[in-house]
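Start from the sequences, fold in the hints, and give me the full structure.
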Amino acid sequence: QWVNQLKERRGFNKTTVAVANKNARIIWSMLRNETGYQVV
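Residue numbers (our numbering): 105 to 144.
In short, the hints are calculated from the structure, not lab data.
By construction, the Cβ of each residue, glycine as well, lies at the ideal position given by its N, Cα and C atoms.
One thing to keep in mind: the hints can contain errors.
What the hints assert, rightly or not - Now the in silico label distances, taken between C-beta atoms and shown as ranges:
1) Ala124 - Val144: 18 to 26 angstroms
2) Gln142 - Gln105: 14 to 22 angstroms
3) Ala122 - Val143: 30 to 38 angstroms
4) Asn137 - Gly115: 31 to 39 angstroms
5) Asn108 - Val144: 12 to 20 angstroms
6) Asn137 - Arg113: 30 to 38 angstroms
7) Gly140 - Arg114: 28 to 36 angstroms
8) Gln105 - Ser133: 14 to 22 angstroms
9) Tyr141 - Thr120: 18 to 26 angstroms
10) Thr139 - Arg113: 25 to 33 angstroms
11) Lys111 - Ile131: 19 to 27 angstroms
Have a look at this one:
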């Protein structure tokens, strides 16, 4: 999905950092709000 499209546009390394950033923001929000992960 968006990861594959990003990898084609930006390259592997930038995609890896983008995915790590997204995961970190999700985890931070979960910890801050004391909620579990909800698949949308």
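Here is how each hint holds up against the structure:
1. Under the hint 18 to 26 angstroms, the C-beta atoms of alanine 124 and valine 144, about 20 angstroms apart, fit the expected range.
2. Separated by about 18 angstroms at the C-beta atoms, glutamine 142 and glutamine 105 satisfy the suggested range of 14 to 22 angstroms.
3. A C-beta distance of roughly 20 angstroms is found between alanine 122 and valine 143, which places it outside the suggested range of 30 to 38 angstroms.
4. The supplied range of 31 to 39 angstroms is met by asparagine 137 and glycine 115, whose beta-carbon atoms lie about 33 angstroms from each other.
5. Separation of asparagine 108 from valine 144 is about 19 angstroms and conforms to the stated range, judged on CB atoms against 12 to 20 angstroms.
6. Judged by the Cβ atoms, the range 30 to 38 angstroms given for asparagine 137 and arginine 113 holds: they are separated by roughly 32 angstroms.
7. Taking the beta carbon of each, glycine 140 and arginine 114 are about 31 angstroms apart, inside 28 to 36 angstroms as hinted.
8. Look at glutamine 105 against serine 133: about 21 angstroms separates their beta carbons, and that is inside 14 to 22 angstroms.
9. About 21 angstroms separates the C-beta atoms of tyrosine 141 and threonine 120, a value consistent with the hinted range of 18 to 26 angstroms.
10. Checking the proposed 25 to 33 angstroms range against threonine 139 and arginine 113 shows it holds: the Cβ atoms sit about 32 angstroms from each other.
11. Take lysine 111 and isoleucine 131: their Cβ atoms lie about 22 angstroms apart, and the range 19 to 27 angstroms holds.
In this structure, the one hint that does not hold is number 3.
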